[in-house]
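The listed protein sequences derive, respectively, from chains A and B. So the first sequence is numbered by this note's numbering: it starts at 1 and just counts up by one. So the second sequence is numbered by this note's numbering: it starts at 1 and just counts up by one.
Derived from the structure by calculation, the hints contain no laboratory data. There's no promise every hint is true.
Remember, identical chains collapse to one label, so a pair may be satisfied in a single copy or spanning two.
[Claimed, not checked] In silico lysine-lysine, BS3-like type, Cα no more than 25 Å apart, as pairs: (1) K5 to K25; (2) K211 to K90; (3) K182 to K24; (4) K237 to K32; (5) K55 to K211; (6) K204 to K90; (7) K196 to K210; (8) K182 to K90; (9) K226 to K237; (10) K28 to K84; (11) K84 to K32; (12) K5 to K28; (13) K28 to K53; (14) K237 to K55; (15) K24 to K196; (16) K28 to K226; (17) K32 to K5; (18) K204 to K191; (19) K50 to K191.
If you're wondering where the values come from, they're calculated on a predicted model, not measured in any experiment.
Letter by letter, the chains look like this.
2 protein chains.
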Amino acid sequence: MESIKNRRTIRRYKLDEIPNYLLKKILKTSFKASTTGNMQLYSVIVTVDKDMKSKLSPAHYNQTAIQTAPVVLTFCADFRRFSKWCEERKAVPGYKNFQSFMNATMDALIVAQTFCTIAEENGLGICYLGTTTYNPQMVIEALKLPSLVFPITTITVGYPNEHPNQVDRLPIESIIHEETYKDYTSADIEKYFSYKESLPENQKFVIENKKETLAQVFTDIRYPQKDNEVISENLFKVLRQQGFLD
Amino acid sequence: MESIKNRRTIRRYKLDEIPNYLLKKILKTSFKASTTGNMQLYSVIVTVDKDMKSKLSPAHYNQTAIQTAPVVLTFCADFRRFSKWCEERKAVPGYKNFQSFMNATMDALIVAQTFCTIAEENGLGICYLGTTTYNPQMVIEALKLPSLVFPITTITVGYPNEHPNQVDRLPIESIIHEETYKDYTSADIEKYFSYKESLPENQKFVIENKKETLAQVFTDIRYPQKDNEVISENLFKVLRQQGFLD
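Input sequences plus hints: build the corresponding full structure.
The structure is reproduced here in structure tokens:
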């Protein structure tokens, strides 16, 4: 529990490589995580090669983490391996649909997070790249992902070369609902978000971005509606292309 | 790493309750997990009340796990709290779309799995109920989930009252791809799935279901195409109803 309690996302890594046996041991252990009907609907693409990192990097807007990490892992929803097995065994797979994509997405994320927890327990640092679903077609091309395989998230991993402050979290009573969902009043929002808004690093963030409130930094700059809509449309397009919306 | 290595899904629980301080401590620690832009796009609904469990149970086909677990947790994708904050802060939220649903889904699953890892480390047993996305509208009604909140997965948790064998996993070389996706040949499928097919418990499964192959148990009985298609259509309907496909 301690390593999770003290964790922080790491975006700068030492030059040291991750020993192959350690990487494989962590991956193997993470595959013990729960999976839908024990189907293991995921694949992990391991990127170590410099040229391959250069190919992947633009899909992630050349973030620091992908530039300096010794290892980049792309966790994919994968119904292909399972479907191929069915075809080899006189069974007709029926997984070219959204529900199957959701099952495989869950499997991929459960394994990804299990990997992260064990990696951190072993002194490694990780960073999730949310950009994977922004530019899935670029990731698909770089990693040669065939139909019924979809990149869900990317994790950079290596030995930490920074020790950033832990970032804030909302009070737990704002996240946990007893028995039924308790909707948020204006007073609740005030109570739950005031600490976050009071932090010097967040106030600096507002000033740097020339905004009036911290929320505006999110809605106007970091996650604006227009971008979300373009990405959403593209996601459906690529889901169809990869065979999950037949 | 040891508790993950030795884990098994637990579906039968002792009558002992989980002390509230322990449950809250585990949840609080799990909220340290990575989250998209530190937005924490999730809510956790805690079900302890017997009547509430009875209400939830049919959505999960009255599985043993939900009948005997002292605590049931429904992890939801939640863009509502964040959007309400935006509205209170002169910011216009733009999160009624599929990309935002995917971000919140990832956040919910990353936290759910972190919870499971810590719970198991503390001697508790867990079971994921994949049925949450089968009958989302029943879960939404029981837990009174408003728009921009969507139930992603349900975890039952309690002290184990069984010690099942660990289930098999595919060889790691069938999951890991070096640099690019290596597609599966017939020979690969043979190599990777033969161990699973040789296990007495899986052979028994084939006979009990009067099938010719193990794969047919999945395609014809457990996860048939027809069901997947009905569930997919319903998922889009409920996603729209909850405001994520505006």
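How the hints compare with the structure:
| no. | hint | verdict |
| --- | --- | --- |
| 1 | K5 to K25 | both (23 Å within a copy, 10 Å between copies) |
| 2 | K211 to K90 | between (61 Å within a copy, 10 Å between copies) |
| 3 | K182 to K24 | between (43 Å within a copy, 17 Å between copies) |
| 4 | K237 to K32 | neither (33 Å within a copy, 33 Å between copies) |
| 5 | K55 to K211 | neither (35 Å within a copy, 46 Å between copies) |
| 6 | K204 to K90 | between (62 Å within a copy, 18 Å between copies) |
| 7 | K196 to K210 | within (18 Å within a copy, 59 Å between copies) |
| 8 | K182 to K90 | between (50 Å within a copy, 23 Å between copies) |
| 9 | K226 to K237 | both (17 Å within a copy, 23 Å between copies) |
| 10 | K28 to K84 | within (22 Å within a copy, 41 Å between copies) |
| 11 | K84 to K32 | within (22 Å within a copy, 38 Å between copies) |
| 12 | K5 to K28 | both (24 Å within a copy, 9 Å between copies) |
| 13 | K28 to K53 | within (23 Å within a copy, 35 Å between copies) |
| 14 | K237 to K55 | within (22 Å within a copy, 38 Å between copies) |
| 15 | K24 to K196 | between (38 Å within a copy, 21 Å between copies) |
| 16 | K28 to K226 | neither (40 Å within a copy, 33 Å between copies) |
| 17 | K32 to K5 | both (22 Å within a copy, 6 Å between copies) |
| 18 | K204 to K191 | within (21 Å within a copy, 57 Å between copies) |
| 19 | K50 to K191 | neither (47 Å within a copy, 31 Å between copies) |
Violated hints for the displayed structure, listed by number in ascending order: 4, 5, 16, 19.
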